[in-house]
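Going down the list, the protein sequences come from chains A and F. Residue numbering for the first sequence follows the numbering used here, starting at 1 and increasing by one per position. Residue numbering for the second sequence follows the numbering used here, starting at 1001 and increasing by one per position.
Honestly, the hints are just simulated from the structure, not real lab data. All C-beta atoms, glycine included, are put in the ideal place defined by N, C-alpha and C. No false leads were slipped in.
Going by beta-carbon spacing under 7 Å, a handful of chain A positions derived as facing chain F: (1) Ile32; (2) Tyr79; (3) Cys106; (4) Phe107; (5) Leu111; (6) Asp114.
Calculated pairs, DSS-like style, for lysine-lysine (alpha carbon to alpha carbon, straight line, at most 25 Å): (7) F/Lys1015 - A/Lys61; (8) A/Lys2 - A/Lys74; (9) A/Lys2 - A/Lys45; (10) F/Lys1015 - A/Lys15; (11) A/Lys15 - F/Lys1061; (12) A/Lys2 - A/Lys15.
Residue-level listing of the chains:
There are 2 protein chains.
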Amino acid sequence: MKLPDAIKNAVDFSKGNGLITAIAQDAASGEILMVANMNEESLAKSMEFGEAVYWSRSRQKLWHKGEESGNTQKIRGIYLDCDGDAILLKVEQIGGAACHTGKRSCFFRQLEQDVLTDVGVQVFDPAEVYGK
Amino acid sequence: MKLPDAIKNAVDFSKGNGLITAIAQDAASGEILMVANMNEESLAKSMEFGEAVYWSRSRQKLWHKGEESGNTQKIRGIYLDCDGDAILLKVEQIGGAACHTGKRSCFFRQLEQDVLTDVGVQVFDPAEVYGK
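Chain A extracted, bound-state conformation:
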């Protein structure tokens, strides 16, 4: 599947050298789960599958979130920002955790003054999920 023209014309992949910022938010709780990148193909596949497919900058390939852990993200809504270089996915997070550390959200370190505090909720043990 390719991106429909109306969508393609509204999304600005140029500012990020082919990538846009994608934020995943829990559709029910409103909690921010993670942020990643998408290229045109990953956005098209996300819309086709109804599940989040990102572009991994470190691995330089498509990344169907949860393909290994089973913790996929079912898309409940997609929203584009005013200048077209970021999208918001409202998702149902299967397994209850988005982060590879097993935390519910990737944003589990609170920054105050000169201290970082772990305020995350541990959902699974990454050694059990990835350590096969």
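Let chain A serve as the given structure and place chain F on it in line with the hints.
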């Protein structure tokens, strides 16, 4: 003010060529307001002022959000993600709108199939605020 070492060591500015992704979320409602970028100086100033200061890629300078419109973002919490290249600001949005279009959130266009629908809440008239 400079970033304290403990913070500086945890934040990864390298992957984004000196920039990290910054998401602003309404601290009360959980609504995602906008996404922008920060460099080291803008993060230090945000922590110093308690208000969001971004780095404008298009203008290549520090951008104290709301400096023109008055719609500043009072920071209620800062959270760093697992790999240190994105932060989440929980904010109180002064004036009730984050977007330069006068909408409450920048993510006001819903994407479905091949259609974009404006689902935004108009808070102010940008011609009145910026058209001086």
